[in-house]
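Quick note, the sequences are listed as chains A and B, same order. For the first sequence, this note's numbering begins at 44 and goes up steadily by one. For the second sequence, this note's numbering begins at 5 and goes up steadily by one.
Quick caveat, the hints were computed from the structure, so don't treat them as lab data. All residues carry an ideal CB built from backbone N, CA and C; glycine is no exception. There are no misleading hints in this set.
Over 10 Å on every C-beta distance to chain B, these chain A residues come out as not near it, computed from the model:
#, residue
1, Lys54
2, Thr56
3, Ile69
4, Ser70
5, Glu111
6, Pro113
Listed next, with one range per pair, are the computed distances between beta-carbon atoms:
#, chain 1, residue 1, chain 2, residue 2, range
7, B, Glu19, A, Ile69, 32 to 40 Å
8, A, Gly128, B, Gln84, 34 to 42 Å
9, A, Ser116, B, Pro18, 42 to 50 Å
10, B, Thr111, A, Thr63, 33 to 41 Å
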Amino acid sequence: DTGVSQDPRHKITKRGQNVTFRCDPISEHNRLYWYRQTLGQGPEFLTYFQNEAQLEKSRLLSDRFSAERPKGSFSTLEIQRTEQGDSAMYLCASRLAGYDQETQYFGPGTRLLVL
Amino acid sequence: QKEVEQDPGPLSVPEGAIVSLNCTYSNSAFQYFMWYRQYSRKGPELLMYTYSSGNKEDGRFTAQVDKSSKYISLFIRDSQPSDSATYLCAMSIPVRQLTFGSGTQLTVLP
Chain A
44 DTGVSQDPRH KITKRGQNVT FRCDPISEHN RLYWYRQTLG QGPEFLTYFQ NEAQLEKSRL
104 LSDRFSAERP KGSFSTLEIQ RTEQGDSAMY LCASRLAGYD QETQYFGPGT RLLVL
Chain B
5 QKEVEQDPGP LSVPEGAIVS LNCTYSNSAF QYFMWYRQYS RKGPELLMYT YSSGNKEDGR
65 FTAQVDKSSK YISLFIRDSQ PSDSATYLCA MSIPVRQLTF GSGTQLTVLP
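Given the sequences, and given the hints that come with them, work out the whole structure.
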């Protein structure tokens, strides 16, 4: 499968615990995006990378959230001291940067439930 | 007010019907317009992508963009039960992140 992959697919954690999600983009896609989607809503932008550089962060990304893409390939999203309001689907998308390459391809998501 | 507003649904139609899904937007800087389909508990899947006003057709799907009215639509002809999903409109400024509508849940009844 050459699509975007995410791991784990599901995560249940207790409030206050730290969690980390991984995203493997389509190979050679240099842009990687993280979105969060809550029930009945469309995905909301969190942050994106071009290669290993984190270029933009949304106001939704509080200081408990951190994302990395150390070698410009896979990315991790960590949430520290989880809260019940963090329960959502976390989606990763990738694309190839270029003026006519606006299409983003999404992974299956990681569904987080904070108890 | 959200930058992208989408008809909320849910929408239920009989098999074979023509479906119309609609979004409006307020940011005139948006230049790229997409429709994604999302099945329950899955990631969004790209259906259509366009960057100009007018119609773009792909099989049973037609995407329509009217930049002067800031209005986009997706039409599905001869709808099938397998089309039952949530449809998300999305748009972007060049090389920026996508801004999504809230989605319309569609059910096609056999």
